[in-house]
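K.L.:
My request is simple: use the sequences and hints to build the entire structure.
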Amino acid sequence: MYRCEHSTKCISKHRLVDGIRDCPFDDDETFSHSCSLSDVHHRFTCSIAGDKKCFSPITIEDEKNNCEKGEDEIISKGWIHNGNTFQMICDGRPTELLPVLIDEQNETDETECEHWPCNNTYSRCDGFWL
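Here the numbering used here is used: the first residue of the sequence shown is 483, the next is one more, and so on.
Read the hints as simulated data drawn from the structure, not as lab findings. All values reported here derive from a predicted model rather than from experimental measurement. Treat the hints with care, since some could be wrong.
[Unchecked claim] Derived DSSO-like pairs: lysine-lysine, alpha-carbon spacing no greater than 27 Å straight-line:
#1 Lys495 to Lys546
#2 Lys546 to Lys535
#3 Lys551 to Lys535
#4 Lys495 to Lys534
#5 Lys535 to Lys491
#6 Lys551 to Lys491
#7 Lys495 to Lys535
#8 Lys546 to Lys534
#9 Lys551 to Lys534
[Unchecked claim] Okay, the calculated beta carbon distance ranges per label pair:
#10 Gln587 to Arg503: 33 to 41 Å
#11 Thr590 to Ser489: 38 to 46 Å
#12 Cys517 to His488: 18 to 26 Å
#13 Arg485 to Ile530: 23 to 31 Å
Glycine is no exception: its CB is placed at the ideal position from the N, C-alpha and C atoms.
P.N.:
What follows is the structure, given as structure tokens:
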């Protein structure tokens, strides 16, 4: 857990540097030790002003340049992490993953979205859908 600066609020370390401001002073987004977190193998790494920075996968291709050269926005389709983030499910944009055949039906992350009506900041999971 991470405790927000000047606050009693605590958040999961998975929510650090994820593009969503959870702490009152935004210190969860400016956290400078993101590459030493235990989930670093699930993070996208690049440099900013010569410093290595590790971002949550949900910041990739989110139309905001987080990296010095914008490499988080021009990811090759070969960059794969071990699952879709929850925020990617039923977001109206099929992922780069190929459809999966289930019961002779092509299923994607956009299949049966009517079962996920509460996709908002407060009900979203910050982990991975594996």
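K.L.:
Look at each hint and say if it fits the structure.
P.N.:
To see whether the hints hold, each was checked on the structure:
1. Of the pairs offered as hints, the one joining Lys495 and Lys546 holds, with about 21 Å between alpha carbons and a cut-off of 27 Å not exceeded.
2. A C-alpha spacing of about 15 Å is found between Lys546 and Lys535, which places the hinted pair at or below 27 Å, so the restraint holds.
3. For the proposed pair Lys551 and Lys535, the alpha carbon gap of about 13 Å is at most 27 Å, so the pair holds.
4. For a cut-off of 27 Å, the pair hint linking Lys495 to Lys534 stands: about 18 Å separates their Cα positions.
5. Taking the CA atoms of Lys535 and Lys491, the gap is near 24 Å; set against the 27 Å cutoff, the hint holds.
6. Straight-line distance between C-alpha atoms of Lys551 and Lys491 comes to about 33 Å, which puts the hinted pair past the 27 Å bound.
7. As the CA atoms of Lys495 and Lys535 are separated by approximately 15 Å, the hinted pair is consistent with the 27 Å bound.
8. This hinted pair checks out: Lys546 and Lys534 have alpha carbons roughly 18 Å apart, not beyond 27 Å.
9. A threshold of 27 Å between alpha carbons decides the hint, and for Lys551 with Lys534 the separation of about 13 Å falls inside it, so the pair holds.
10. Distance hint for Gln587 and Arg503: a CB-CB separation of about 39 Å, consistent with the stated range 33 to 41 Å.
11. A C-beta distance of roughly 39 Å is found between Thr590 and Ser489, which places it inside the suggested range of 38 to 46 Å.
12. Under the hint 18 to 26 Å, the C-beta atoms of Cys517 and His488, about 24 Å apart, fit the expected range.
13. Judged by the Cβ atoms, the range 23 to 31 Å given for Arg485 and Ile530 holds: they are separated by roughly 24 Å.
Against the hints set out earlier in the document, a violation occurs for number 6 only.
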